[in-house]
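Take the sequence shown: its letters are residues 1 to 177, numbered as in our numbering.
Since the hints were made in silico from the structure, they are not lab data.
Keep in mind that a hint or two might mislead.
Claimed, not checked - DSSO-like, lysine-lysine: derived pairs with alpha carbons at most 30 Å apart:
#	residue 1	residue 2
1	K132	K39
2	K11	K39
3	K53	K79
4	K39	K29
5	K11	K29
6	K53	K39
7	K64	K163
8	K64	K79
9	K53	K64
10	K64	K132
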Amino acid sequence: MLVAERLFLDKGVEHTTIEEITQGATVSKGAFYLHFSSKADVIEALRTRFVQKLLNGIVEEVGKQDTGDWNGKLTAWAKACAVGYMNAARLHNLVFAAAPPPSREGLTSNILIDNLQQLLAAGSREGAWSLKEPAFTAIFLFNALHGIVNQSGIGDDGVERTKLLRNIEDSVLRLVR
Numbered sequence: 001m002l003v004a005e006r007l008f009l010d011k012g013v014e015h016t017t018i019e020e021i022t023q024g025a026t027v028s029k030g031a032f033y034l035h036f037s038s039k040a041d042v043i044e045a046l047r048t049r050f051v052q053k054l055l056n057g058i059v060e061e062v063g064k065q066d067t068g069d070w071n072g073k074l075t076a077w078a079k080a081c082a083v084g085y086m087n088a089a090r091l092h093n094l095v096f097a098a099a100p101p102p103s104r105e106g107l108t109s110n111i112l113i114d115n116l117q118q119l120l121a122a123g124s125r126e127g128a129w130s131l132k133e134p135a136f137t138a139i140f141l142f143n144a145l146h147g148i149v150n151q152s153g154i155g156d157d158g159v160e161r162t163k164l165l166r167n168i169e170d171s172v173l174r175l176v177r
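Could you put together the complete structure from these sequences and hints?
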């Protein structure tokens, strides 16, 4: 997977051959085809890995917050998500834009939105916020955040990144108040 990722980022999916992937990974083509039927399958696996790694980082940051600090948990979620996207912008662009998924369902249903919905619902149950529809709020917030960090070059400069993360934090908290 790492070899395929590097080759796809360096050469593009269309210019990378299965042979280059197998040679770089020092596996046979037969071994490759035991796991993947095509480069599209590799891209799908990279997509899945990208989202899972992003979620793991989010969960780690949220877990650092005090148990009852729901605003802290929510802002940690949003900032970790934003930083994760910005730190892997090239890979994100590759697996979601250069080789887009077959449907746009991921913009309304994915493990990141599910995790955010659970956080919003738990905070609402504890009285931190009064959200009528945590699922709607999670989709809305995820897509707003995704739209901001998906801009080319955003967050590349340290000062601008700090300002962006502060704006994200302020906006997220305004949304749930």
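Ascending list of hint numbers which this structure does not respect: 1
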